[in-house]
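Given these sequences and hints, build the entire structure.
Protein chains in written order, with the numbering used here: chain A, 1 to 308; chain B, 1 to 308.
A hint or two may mislead.
Pairs count within a copy or across copies, as identical chains cannot be separated in the list.
To be verified - Derived SDA-like pairs: lysine to any residue, alpha-carbon spacing no greater than 25 Å straight-line:
{"#": "1", "residue 1": "K252", "residue 2": "A207"}
{"#": "2", "residue 1": "K252", "residue 2": "N267"}
{"#": "3", "residue 1": "K252", "residue 2": "A272"}
{"#": "4", "residue 1": "K252", "residue 2": "E217"}
{"#": "5", "residue 1": "K252", "residue 2": "P269"}
{"#": "6", "residue 1": "K27", "residue 2": "A284"}
{"#": "7", "residue 1": "K252", "residue 2": "E262"}
{"#": "8", "residue 1": "K252", "residue 2": "A284"}
{"#": "9", "residue 1": "K252", "residue 2": "E221"}
{"#": "10", "residue 1": "K252", "residue 2": "L212"}
{"#": "11", "residue 1": "K252", "residue 2": "A75"}
{"#": "12", "residue 1": "K252", "residue 2": "A220"}
{"#": "13", "residue 1": "K252", "residue 2": "G209"}
{"#": "14", "residue 1": "K252", "residue 2": "L210"}
{"#": "15", "residue 1": "K27", "residue 2": "R125"}
{"#": "16", "residue 1": "K56", "residue 2": "R23"}
These are computed hints drawn from the structure, not numbers from a lab.
Below are the chains, spelled out letter by letter.
Protein chains: 2
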Amino acid sequence: MPTPNPTVAFVGVGRMGANMARRLHEKAFHVTAVFDAHRPLAEALAAELGCAAPDKLRAVSESADTILTVVTDDAAMRRIYSIGGSPDGDALLTAEGDVQNKLFINCATVSPRIHLEVEAAVVGRGGFVLEACMASSIPQARDGTLYLMCAGEERAFQRAEPVLRALGSTVRYLGRSGNAAKVKALVNMVMNINTAGLAEGLGLGAALGLDLTMLREVFAETGAGSRVLQTDGEDMQNRAHDCYFSAAHAAKDSGIALALAERAGLNLPLAAATKAQYDRMVAAGFGELDKSGIAELTFPGRGRSAGG
Amino acid sequence: MPTPNPTVAFVGVGRMGANMARRLHEKAFHVTAVFDAHRPLAEALAAELGCAAPDKLRAVSESADTILTVVTDDAAMRRIYSIGGSPDGDALLTAEGDVQNKLFINCATVSPRIHLEVEAAVVGRGGFVLEACMASSIPQARDGTLYLMCAGEERAFQRAEPVLRALGSTVRYLGRSGNAAKVKALVNMVMNINTAGLAEGLGLGAALGLDLTMLREVFAETGAGSRVLQTDGEDMQNRAHDCYFSAAHAAKDSGIALALAERAGLNLPLAAATKAQYDRMVAAGFGELDKSGIAELTFPGRGRSAGG
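So, in structure tokens, the structure goes:
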């Protein structure tokens, strides 16, 4: 007799992945196993949720109907799926492993072409695969209010829907594999540009002696208004850069978008200037500040004292 | 017996100034005179409103209690107020002219220090002066729904209020002279950055074969959302660049902000990259397109064919 919800396992249980696992556990999904390259993370979460923390990826894919991956970058995706590597090493997909009818949902922000490579590998072994990029952050993962941009075969999307609806308040299907990563890269590219631009506007406002609370109000009522003004404006003013979306992530995502632009032969000077700013933050050792920390580069008198 | 509304006169009756004059006329203000460096504009509007079109600025200030100026740049402001020039030439303020108790409302987007220079000159002759920068465009001028950012002496603001309330749906008092120009420069700087960034996001989306209507919807629901997405996104997609706020104006306003940043010793790479894009538009002959026309620089296959 089938369980009412599919069994689920996780690969990558940093703060995002762990909160998604907690959320599914709470919504009566059976979380069978969690895995992380940093083992203590997996062991702590396994103890919390009462599940396994196997030391082999193969054991993760064997343990559940649906495997969610939330890894950091293209290289990690290739490694866990054994793409371009040895087929005999430990991976979710192995030469002899059976992934018939299993569903893989990949939530990391990685290059669009990685999703196509993973799709080819999984579908070739009889499995289902969906990309589900997230345009939200850690609190939304815990609350099941993620914004999920999904792409892949429609049958994979349909099968994934119960899990997706438990994780997200908005679940959008954007077409074929790779599209969600493209849209996510564009969302973050534009978001990062707006963030860097807002930091310049507020920084110059501070230099001119203006009341920044008044300035933010005027921005909100005029053509300078933006979502990042709502989410990051006050934090920039108050130097409250606890991390929701790190500067290092912003630099990485801007890099994905710029690589896509380069292949398309497009010149995007704003995106390039924004990446250079986030790269400066990372180089100065502020990569783990929130993206709002870019204000530390533009406000008068902050400069290298950033981090407060 | 005083009239219920002050008499008003205008200097600078391009599309903004002319619409503001029409609006005040409609709201039962007596428009006494209109002036423009391009005389046919003034003559046509004078015929429409049944007022004078004197060929001397002195006659404009003599004709009304309140004089509104809507000129193009710092040089024009200096010229009409005879600042730094010959005191004997024709100007609103002249050596022998009496501006006792007259109110001057300056609506052009000019450098903050110009407002301080004008204030010193007007107040020194017994008059009142207010800056009233507009963060809106031509249709709002006609409808009396401008967003007005005002600065100057509080008594000048109070005296100006009946006129301001007839012109604007939002009237904000931002403190001492020059503050409104500073805030306006910052609003436009951030707006222009967001516009240039949006053009890059949609342009790259087009290059990647994404459905731009879908992409704009996702932007609106995520961290990429902004006011310019609402006002300019669809126009960028459809190449609808009829002018509300010209690229040439965007270049000028970005220049004002960058000059302020330079004096403050701030490095603002996003603002600089944005100005360079608008300067490219102007150099390519697209300066009179709307600011949304910046998409012509970033969408694949548009390039020099812009203007459609």
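Status of the hints after comparison with the structure:
no. : hint        : result
1   : K252 - A207 : between (30 Å within a copy, 21 Å between copies)
2   : K252 - N267 : both (18 Å within a copy, 23 Å between copies)
3   : K252 - A272 : both (12 Å within a copy, 23 Å between copies)
4   : K252 - E217 : between (31 Å within a copy, 24 Å between copies)
5   : K252 - P269 : both (17 Å within a copy, 19 Å between copies)
6   : K27 - A284  : neither (42 Å within a copy, 58 Å between copies)
7   : K252 - E262 : within (15 Å within a copy, 30 Å between copies)
8   : K252 - A284 : within (16 Å within a copy, 33 Å between copies)
9   : K252 - E221 : between (32 Å within a copy, 22 Å between copies)
10  : K252 - L212 : between (30 Å within a copy, 24 Å between copies)
11  : K252 - A75  : within (13 Å within a copy, 45 Å between copies)
12  : K252 - A220 : between (28 Å within a copy, 22 Å between copies)
13  : K252 - G209 : between (34 Å within a copy, 22 Å between copies)
14  : K252 - L210 : between (33 Å within a copy, 22 Å between copies)
15  : K27 - R125  : neither (30 Å within a copy, 75 Å between copies)
16  : K56 - R23   : within (24 Å within a copy, 74 Å between copies)
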